[in-house]
Amino acid sequence: MVLQWLRAFLSNGFFRPGHSALKRFKGATIKDTTLMSIDLELTSLDASKAEITSFGWVCGRNSNIALESSAYSVVKTKATLGQSPVIHGLTQDNISKGAMIEDVLHKFIKQLPDRVLVIHNATLDLAVLDAVFKRLNLPAQEVFYIDTLQLALYQLKKEHEVVPRNSATLGACLQRAGLPEAPQHNALEDAMAALLLCYAQLAALGLTPQSCLADLSHTLALGRKTLGERKD
Amino acid sequence: MTVVAQQVADFVTASAPFDTLDIDSLTNLLSSAELLYVTQENLNTLIGPQIGQSRRVYLIQSGQFSVSVGQESQRYVSEGDYFGFQSVLDERDYSLSVTVENPGLIYSFEAGAFKALLSHQSIAGFFHGLRHDVLQNQAITDSKSMWLYKPLNEVTEKQPISADGNTSIQQAAQLMTDNRVSSLLITQAGQLVGIVTDRDLRSRVVAAGIALSNPVSSVMTPSPAHVANNLTLFDAMALMTEKNIHHLPILDKESHEPVGMVTASDIVRHQRGSVLFIIGELSKADSLYALTRLAWQIPHYFSAHAKHAGDYDIAGKVLSQATDIMTRKLIGFFQKEHGKADMMFSWLVYGSQAREDQTMGSDQDNALLLAEPPTKAQAAYFAAMADYVCKGLGMCGIKLCSGNIMASNPELRLSLTQAVKQAQQWVNAPTKDAIMHFNIFLDVRCAAGDVGLFKSLQRQRMPLLKQSLFLAALSRHANEVSVPLSLFQKFTYEKGGKQKDTIDLKVRAVALINNIARIYALASGVTAPGTLARLSLLPDNSELSTKDAANLRDIWIFLNRLRWRHQLQNNVADNSISVSSLSSIEKHQLKASFQAIERAQKAIVMNFSGGMA
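Residue numbers (numbering that gives the first Met the number 0), protein chains in the order written: chain A, 0 to 231; chain B, 0 to 612.
Hint data in this document are derived by calculation from the structure and do not stem from the laboratory. Careful: at least some of the hints might be erroneous.
[Said to hold, decoys possible] What follows is a list of derived Cβ distance ranges for each label pair: (1) A115/B - A126/A: 43 to 49 angstroms; (2) K75/A - S72/B: 56 to 62 angstroms; (3) D18/B - G205/A: 56 to 62 angstroms.
Note that beta-carbon positions come from the ideal geometry of N, C-alpha and C, so glycine has one too.
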């Protein structure tokens, strides 16, 4: 375990010595790590243009989801919805009745300390969050995350030379893990599904409640990102 | 405010008994709930007293587990099953040991939130039933049988005719004539104060020579008997019989304003809408043509009028009685043409007709029992009669028996001595094939002809069929077919069916209870052929306890309801029920029923076969 941890420790390109938050993040046991699964519904898949139309999250620890931590907000936006309402079912009408993005992000930031995010395809969602943080000039936040898409790809690559098309979508991953399908595309449903998927993936990788997150390093699914502009 | 994810709400609201909860109670339950992904590795950190949580109730969404609580033996559980509720119900810590056979999702409900729900009768009843392994038989105890249990507001069509008490007698009579009614309600400020009937006008007005200008209130019956509109036609009928009246006002339950009237002729009219009516009509048929024409109405009558569970409970009996009547009619028609038989005979019926649990798909199983070995002429007479009756039944829609268990088969026209000898042979060599063949003959009833002759056969056969080696063979045979549950207590489905999730309730469940009841009945010398009758007639010293007999009875009724509903709703004659067509509570009940049948099968082997299946 120590050796594995050390290997991960050294192999990780973005690791900067002395960064205690990262060390804590990777060294904590799964039993003691609170995961916060988030999902955003967006107006576009282009992170530079995309606006958030809804934001859902749910928290859990050690293969347990506290249902009362479920949160879901529809966000007020003026951006055009394009084709995406077909996917997530939000129309201009209910979006104009939504919450201000600042208020939603404020709640999100309050939850962040000591939490590790779980995201299916972290790159897109985090890029959008980063852009919004910068646009709103919010104080920078460093987040640690597990990308369930990367975990899925890690497993798929072990089984296939070429990863089959569409085999790493959230729906396909849930099905392979024998988990219930998430109804429609909704930020809370997908966040919850991603958290369940994450639990199943950790179990499939042989991690126990006593394992630490560093044991996942070789999968390339662990990440760290700073949202917003650092002022210092 | 808590948001509840749709996937959580969808699953929990589809799980009995929570499907009966209102949204507030449900939200309350879910806000303190947890959803666990349970594997063998993390099990001990999630479930059990060692994790320092208060007691919790668990509901499995996916995966397979084995659970044992306290002293109970291990149970295999999967989707939709609960565990841990015993500790919460009793407020005692029982040891809980769980093994993960297949990882999956488990909902964990907090004890306080769960207990708050026990004020709902449906929830408390469900968990009480679950722990005692009894079928949720509330529905069964609630509704007796009956067609007459229709609420009055379903059966009253017309508005009542009413008049004020100051109206003159003549005006009142005019009003009744105009509206062609035989009674008039007298009201004051919308409330019922009296009633006047044709008979009152005759006896209190005409016969007494009262002036027609007098107010109608002077001749009315004040404060008449009445009935609330949420009661049933049966209640109304009972009250009318008790008070010896022909007109009964119906009042709104809340406002007490008159909303209708039940008359004796209404009741006669409604009886027409009952399958019992067809029995009366069948008895009046005076030709083969009239009989077949009426018989073909039976499925129509059933599908039009059997709507409630109670209807299904008597449907099998009604259908069997109808078949009996057809048989007697046909024998009568034959005798009218060919003269009476010059020897005593009994027309025996077997299987479902004997047990009175016929369904639409049941075919005819019958035989003739003759007092003496017949002469050539007698044999020819009975052959012709049997042929006529069996074909006639076929024309009436009671299918010919594919296995040729019909009186038209010469092997099934035995004399009394031959029949007793045959039973002796069964008992001497109860091989598997032999039992398969004669099992059906063990449920027998005399539907026509001489009952005394049949009784003497039963008397002579009873001691033979009680012999322990014979019962042991029957018990082993009764275990050949198992209930459709997997090791993990999941439903297993018929292969090769049109739908993927069907279970043949007749073969895989009802027949098993029939077998069980038959063996206990034979052992105790109970000659009644019906399964419910057998279960209720078992003596106190029977190996089957009264409680188990009552439970088997409830299960049998429940299963029959399901198959009748299936046949009538889908207009089919098979017994292949699609599990997905059942409600959540029915699925639970069905599983509990199968488990109880399985236990009863095991008990049979213990009791009669020395534990050897």
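Among all the numbered hints in the text so far, which are the ones the structure does not match?
3
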